[in-house]
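Peer 1: Line by line, the protein sequences give chains W and U. Counting in the numbering used here, the first sequence runs from 35 upward without gaps. Counting in the numbering used here, the second sequence runs from 299 upward without gaps.
Derived lysine-lysine pairs resembling DSS-like cross-links, with alpha carbons at most 25 Å apart:
1) W:K444 <-> U:K311
2) W:K410 <-> U:K311
3) W:K406 <-> W:K444
4) W:K270 <-> W:K173
5) W:K297 <-> W:K243
6) W:K421 <-> W:K410
7) W:K381 <-> U:K311
8) W:K423 <-> U:K311
9) W:K262 <-> W:K297
10) W:K297 <-> W:K173
11) W:K169 <-> W:K270
12) U:K311 <-> W:K367
13) W:K151 <-> W:K243
14) U:K413 <-> W:K444
15) W:K421 <-> U:K311
Label pairs and their in silico Cβ distance ranges:
16) U:D423 <-> W:L63: 36 to 44 Å
17) W:V44 <-> U:T349: 51 to 59 Å
18) W:T141 <-> U:S401: 51 to 59 Å
19) U:Q364 <-> W:D199: 47 to 55 Å
20) W:R301 <-> U:E353: 36 to 44 Å
21) U:A352 <-> W:Q284: 18 to 26 Å
22) W:E277 <-> U:D327: 15 to 23 Å
23) W:I152 <-> U:D396: 47 to 55 Å
24) W:P425 <-> U:S401: 45 to 53 Å
25) U:Q364 <-> W:H326: 26 to 34 Å
26) W:H326 <-> U:K399: 46 to 54 Å
27) W:D66 <-> U:Q364: 54 to 62 Å
28) U:A352 <-> W:L63: 50 to 58 Å
Incomplete in silico selection of chain U near chain W, CB under 7 Å:
29) I336
30) D384
31) S385
Bear in mind the hints are in silico, worked out from the structure with no lab data behind them. Predicted model, so just to flag it, every value in this text is computed and none were measured. Virtual Cβ for every residue (Gly too), placed ideally from N, Cα, C.
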Amino acid sequence: MSVKRSEIQVTVDQLELGMRVTRLDRPWLETDFLLQGFIIDSQDDIDALVRQCKYVYVESQTVSKTPDMERRDAPAGLFARFSKRPAQRHSVSSNRPAAGLGKHRPTPDTRIAHINKISTERELGGARVTYGDAKQSVKSIMDGLRIGRAIDINQSRAAVNSIVDSVLRNKDALIWLTKIKSKDEYTAEHSLNVCVLSATFARYLGHDKSEIQQIALCGLLHDVGKSKIPDEVLNKEGRFSDEEFELMKQHTTFGRDLLMSVKNSDRIAIDVAHCHHERMDGSGYPRGLKSHQIPYYAKLVALADCYDAITSSRCYDGARASMDALDIIYKCKGIQFDEELALEFIKCIGVFPPGAIVELNSGHVGIVISNKDDNKLRPKILVVRDKDKQPIKERVIDLSAPDDRLNAFKISREIANGTYGVDLPSYLKKGLVLEHNTEGKE
Amino acid sequence: MNTTPETERRRSKRFLCNENFVNCRIHHDGSLIDVAPINFNAQGMAIFCNTHLAELSIVSISFAYQLDDNMLELAELACNIVYSKDSEYGDQFGLSFDESKLSEAQMTMLSAVAKHIEAHDDPEDRYGLNK
Numbered sequence: 035m036s037v038k039r040s041e042i043q044v045t046v047d048q049l050e051l052g053m054r055v056t057r058l059d060r061p062w063l064e065t066d067f068l069l070q071g072f073i074i075d076s077q078d079d080i081d082a083l084v085r086q087c088k089y090v091y092v093e094s095q096t097v098s099k100t101p102d103m104e105r106r107d108a109p110a111g112l113f114a115r116f117s118k119r120p121a122q123r124h125s126v127s128s129n130r131p132a133a134g135l136g137k138h139r140p141t142p143d144t145r146i147a148h149i150n151k152i153s154t155e156r157e158l159g160g161a162r163v164t165y166g167d168a169k170q171s172v173k174s175i176m177d178g179l180r181i182g183r184a185i186d187i188n189q190s191r192a193a194v195n196s197i198v199d200s201v202l203r204n205k206d207a208l209i210w211l212t213k214i215k216s217k218d219e220y221t222a223e224h225s226l227n228v229c230v231l232s233a234t235f236a237r238y239l240g241h242d243k244s245e246i247q248q249i250a251l252c253g254l255l256h257d258v259g260k261s262k263i264p265d266e267v268l269n270k271e272g273r274f275s276d277e278e279f280e281l282m283k284q285h286t287t288f289g290r291d292l293l294m295s296v297k298n299s300d301r302i303a304i305d306v307a308h309c310h311h312e313r314m315d316g317s318g319y320p321r322g323l324k325s326h327q328i329p330y331y332a333k334l335v336a337l338a339d340c341y342d343a344i345t346s347s348r349c350y351d352g353a354r355a356s357m358d359a360l361d362i363i364y365k366c367k368g369i370q371f372d373e374e375l376a377l378e379f380i381k382c383i384g385v386f387p388p389g390a391i392v393e394l395n396s397g398h399v400g401i402v403i404s405n406k407d408d409n410k411l412r413p414k415i416l417v418v419r420d421k422d423k424q425p426i427k428e429r430v431i432d433l434s435a436p437d438d439r440l441n442a443f444k445i446s447r448e449i450a451n452g453t454y455g456v457d458l459p460s461y462l463k464k465g466l467v468l469e470h471n472t473e474g475k476e
Numbered sequence: 299m300n301t302t303p304e305t306e307r308r309r310s311k312r313f314l315c316n317e318n319f320v321n322c323r324i325h326h327d328g329s330l331i332d333v334a335p336i337n338f339n340a341q342g343m344a345i346f347c348n349t350h351l352a353e354l355s356i357v358s359i360s361f362a363y364q365l366d367d368n369m370l371e372l373a374e375l376a377c378n379i380v381y382s383k384d385s386e387y388g389d390q391f392g393l394s395f396d397e398s399k400l401s402e403a404q405m406t407m408l409s410a411v412a413k414h415i416e417a418h419d420d421p422e423d424r425y426g427l428n429k
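Only chain W is shown next, with the shape it has when bound in the complex (with noise of 0.2 Å):
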């Protein structure tokens, strides 16, 4: 199945709940709009652009049947297509490990420095729509699990690689949107944040595109287990009791026979989705393997998932800060965590992460919009409040550049999200507009 997107022009007396406009009648700085293209999600949205707009653009979506699905619909044509794959390449290559539990991070004479292709800004955009396909994609995956339908790993592949494709425009962008969280969706929101980190950790470490990919996907995957936790128990509001959480423990052995149920699953996502909360001390489950068994990408998968976890929202309890997550990870490596690849990841993510809500020693209150992996303690903000916590217009500062004024700035902490009335969702709902008023701009 592909989708073909285009835009079509309404007047605004057409406009609808859902729509997404992707163009007004005017240039966008001209209105109150931040967001450059958003969903409309209320009436408000509605008024708002009857009040400053004619007409606008939506975006409208062309389902058609690919060749790719017309050869799923014949058996012999999947078998031919997966048999004819070539052989991947860390399994012909000679001066890396084999494939599959042997996988190790790029050596510093194979890692790759990728660089941001463009701005946190210009991705931001592009990365919401990729972010809301996914979310689509990998609910339509747990929904057919629960129903006893089989993984489309062709599906998960589709919504992985346009993640990635994003991850190696920017890194940034997508991390940005994993900081808001839904209570009601933590389950698929949960898997594709969590492929979204390992896209991005992967990345950090030198990574290829396709062994980004593959992490991303045993990402995606890894919880898949969990379609097969009952609901009372998947979403029960307070804690789980012992034999609760022993079910729990479970979602690790029903991936494995899940994705081993797939024709053409990834061997190493397989690996992964039963290996990912085994621990360097041999106490993880469901084998208690040792360190030096448990699959490389499991290991670094279990890291994205520990810091989406800590820092999500499940039914009845409150994310936690990014600081708390890295705090744990960083008390937990050795024992829980891989000790070398928990240092990265803490490098990775950086104190501020893109999202984070921090504020300024002058009192100033804003939102990381993106860092340097050489200074991730001075990234880049958005100003939204000034020293005494009133809104102003929104500006950009690089605290990273070389700036007289700017070098006094620093972060004295991060807050929480809604506090001061910065409300993190709906600076994005309604569009950021921030290549313009940047001081310190490189």
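Position chain U against the provided structure of chain W, taking the given hints into account.
Peer 2: This is chain U only, laid out in the frame that chain W set:
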């Protein structure tokens, strides 16, 4: 993101617990449970247990702290649970020390520990990754 207001309720910054913390345990229902100290200030601390715990209501915590040549023993400090979060990776608790139930000596030791950690904290390099 950190949607709960606990972060805001903290009266002062929490510092990452260093290697000077030893034998950190919580007392619950007559049993002792080993936990990892995560971050700390004189008012409270965060702990993490990588096994699943049942619901906790009232707890006390004990730990020792190597302060220069002295080992400070802080036994059964009364605590209130400010937040708890369980995940498949373990259980996380935010504890505030119940000052009304602490002795003056315990309060003094908590302050000494907090000062020691703060003095050794590098705000530009919380995890010592730039050394």
